[in-house]
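*Asks:* The chain contents come next:
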Amino acid sequence: MSNGADTSLPARPRLAPGVRLHFDKARNDWVLLAPERIIEIEGPAQEILRRCDGSRTLDQVIDELAALYTAERAIIAADVTDMLAELVAKRLLV
Amino acid sequence: MTPSAPLGLLAELTHRCPLACPYCSNPLALVDRNDELDTETWVRVFHEAAEMGVLQVHLSGGEPAARRDLTDLVAAAHDSGLYTNLITSAIGLDPQRLARLKAAGLDHVQLSIQDLDAASADRIAGYRGAHDRKLAFARAVTGLDLAFTLNAVVHRANIARVADFAELALTLGAGRVEIAHTQYYGWALRNRAALMPTRDQVTAAMETVERIRPLYANRLAIDLVTPDYYARRPKACMGGWARRTLNVTPAGRVLPCHAAETIPGLEFWSVRDHALADIWAMSPAFNAFRGTDWMQEPCRSCARRDLDFGGCRCQALAIAGDAAAIDPACELSPHHATLLAYAEQDSTPADFAYFHRGRAAPAPA
Ligand code: SF4
Ligand code: SF4
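If you read the protein sequences in the order shown, they are chains A and L. Once you know that position 33 of the first sequence is 32 in numbering that gives the first Met the number 0, the rest is easy, because the numbers rise by one and skip nothing. Once you know that position 13 of the second sequence is 12 in numbering that gives the first Met the number 0, the rest is easy, because the numbers rise by one and skip nothing.
Simulated from the structure, these hints should not be mistaken for lab results. No experiment lies behind these values; they were computed from the predicted model shown. Accuracy of the hints is not assured; some may be wrong.
With a straight-line cut-off of 30 angstroms between C-alpha atoms, the simulated DSS-like cross-links for lysine-lysine are [what the hints assert, rightly or not]:
(1) K101(L) x K89(A)
(2) K24(A) x K101(L)
(3) K24(A) x K89(A)
(4) K234(L) x K89(A)
Derived coverage of chain A by chain L (criterion: at least 3 residues anywhere in the stretch with Cβ under 8 angstroms from a Cβ of chain L; other residues may be distant) [said to hold, decoys possible]:
(5) 19-31
(6) 68-80
Here a beta-carbon is modelled for each residue, glycine too, at the ideal position from N, C-alpha and C.
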């Protein structure tokens, strides 16, 4: 189950070495640039990822997102942890 | 109609290289140092590339470290907003220089390795001591927390060790290993008889990769460049001609793929004379095989034509004698049997000598 305290997630998530969040001007899109890979990023995911800078804790990221979208924290927490877990599995986030 | 923008730029900064790998995809006629683009021109090319929508630049060669201005070039590419990938043999990059590249914004390093055992690796590279320097370099890369891919080009002499390459990559701290079956262009085509593995060797290597991939899940990405000669369908060469990437030679000519200059009659434009965006949209070489209008049968009416784009134009030329023909790697090609016959014939000799690029031809065995 996903929740804000999921232990498999890094305490202060950050993009893995060699992974960068980049605004693609030509296509008007956010992308994650990684070795030999380009991954398109949807709007809300970009808000999550740009907070994964290694300085914020997972809880802080969730708090900020909940405030940004004035949404219930539990729902945001589930979305954030799901997404981050997927990125950890792909080794895009550490 | 303007074509959609490319995503990647392969910048062949130089053809100079201390190594002399027999599978090198550089052309037989190497660009001379005096004909290389200067720093300023490369800086302009990187800016233009980023402006037109390129996201990633692959700094390659030859050995890019042979360029004394490599740090400035990395900085310029990075400042343009490009993701910078350095494709290197490690020779010429000590830890201090590597640290400066990182400070300049380098995002990723791809290191080539020739074999597991130093004597064999150095023999393939034609450079004594190369292997040990590569291992030391790999440690410097991970020590700097740089993202790192180990690249192994496989051929008859090392194809039995694909699993060992993956394990070595993991041990060295790579996040990714690329098992690249030799592509027969340039020096590799010249060396085909010394490089070609047997069908059984290729099958075993492909099965090994499938078997070990799940074992490394979450720890190491294993990417594969598939072999053509024993294939039933071709690769989508370059993701389709003039669709996703462009390639700038050391002299500034802009190619749809690194072997495109082997195709006679194509008109290439140079970054010395034209803006990169104009070359992409308007140069005759890019438009020659863009899209599907140029296709002959059976590709023209094939359901896979938007998946593989009829395969590789350079291979069609090399084997079928016509760059607009179906890639002979496809079993629907009338030349497929020829390709297979070349492979079978070339994979048999036990004795072989490499033509090392840029060096004297080997004595007959
Ligand atoms: S393949 Fe070998 S010889 Fe060719 S550029 Fe790379 S390291 Fe140099
Ligand atoms: S016929 Fe042409 S398009 Fe169809 S699979 Fe073969 S090479 Fe690809």
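*Asks:* Each of the hints needs a verdict: does it hold here or not?
*Replies:* Status of each hint after checking the structure:
no.: 1; hint: K101(L) x K89(A); result: holds, 24 angstroms
no.: 2; hint: K24(A) x K101(L); result: holds, 25 angstroms
no.: 3; hint: K24(A) x K89(A); result: holds, 26 angstroms
no.: 4; hint: K234(L) x K89(A); result: holds, 25 angstroms
no.: 5; hint: 19-31; result: holds (count 7)
no.: 6; hint: 68-80; result: violated (count 0)
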